[in-house]
Amino acid sequence: MPINYYIITAIALFCIGITGVLTRRNAIIIFMCIEIMLNAVNLLLVAFSKMFHMAYLADPAKAATSGIDGQLFVFFIMVVAAAEVSVGLAIIVMMYRNTHSVDVNFLNRLKN
Amino acid sequence: MNISQILFWILTVLALGSALGVVLSKNPVYSVLCLIVTFFAISGHYILLNAQFLAIVNIIVYAGAIMVLFLFVIMLMNLNAEVEPQKSKILKFAGFIAGLCLFLVIVAALKNAEAKTQAAQLASGDIGLIKNLGTALFNDYVLPFEISSVLFLSAMVGAVVIGKKE
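As given, the protein sequences belong to chains A and B, one line each in that order.
Sequence positions in the first sequence follow this note's numbering and run 1 to 112.
Sequence positions in the second sequence follow this note's numbering and run 1001 to 1166.
With the rest of the complex left out, here is chain A (with noise of 0.2 Å):
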């Protein structure tokens, strides 16, 4: 499959998660567009990883380990977001908490 299907497609991936952040007020539908955005890097890292290997698969040399870099990159990646999913959602459990409500338009008292 050419490169270019792979990178628009996380492209678009990473344009639709930046415009749910621009467009909705509810902080959980912010964090799940930031989500998005991750998974769209970690589809481009795992394709450009299987194109390094092809590209290497003529050398003998490389051509076991080439790209496996990119997938290890992924995996932390998602150790990473794992982390700051329980974190985050923590923030707006308290949030809510406090404020009953998930709007972030209410958290705006650094303006005034």
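It is possible that part of the hints are untrue.
[What the hints assert, rightly or not] To be clear about the criterion: a stretch of chain B counts as covered by chain A if any three or more of its residues have a C-beta under 8 Å from a C-beta of chain A, and this derived list gives those stretches:
hint, stretch
1, 1032–1043
2, 1053–1066
[To be verified] Covered by chain B, per the in silico footprint, the following chain A stretches (three or more residues, Cβ under 8 Å):
hint, stretch
3, 1–13
4, 18–25
5, 40–48
6, 62–73
7, 80–90
8, 93–104
These are computed hints drawn from the structure, not numbers from a lab.
Here a beta-carbon is modelled for each residue, glycine too, at the ideal position from N, C-alpha and C.
Following the hints, position chain B against chain A.
Structure of chain B alone, referenced to chain A:
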């Protein structure tokens, strides 16, 4: 057009459509369900690229753990379409235009990229198998692996400290 390419297009349309569903649906519960479909479509992409370990981890971590957490929080707060805060029409329109412009800018910036002539290997190649990934992870990436366990510990402590009543 062989079976891999047909699967690629089906999964791409599924991922993009359900990602749009996350952004566009009024009810937060429907947004979470659309997000689960997006994660399964991306896992399908990983299987198509023969990255089997990442596909399973994606399903277990995202669709299994993270989405259950999201659904739990949404149902705990009893959110639905009636109490959902909405931005004004003009702000929504501006957001969509901004997202579209970003898409066009990135696509235009990559118009002459060198890598675009290459192809990704579908349905073959064994770097995504757990044996090779595990060897690389515990030889070259031992230190990041151990540091990520410390990160998990601190995230757990942080979530408990934030969540408990003071």
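To test your reading of the hints: which numbers does this structure violate?
Hint check: nothing fails, all pass.
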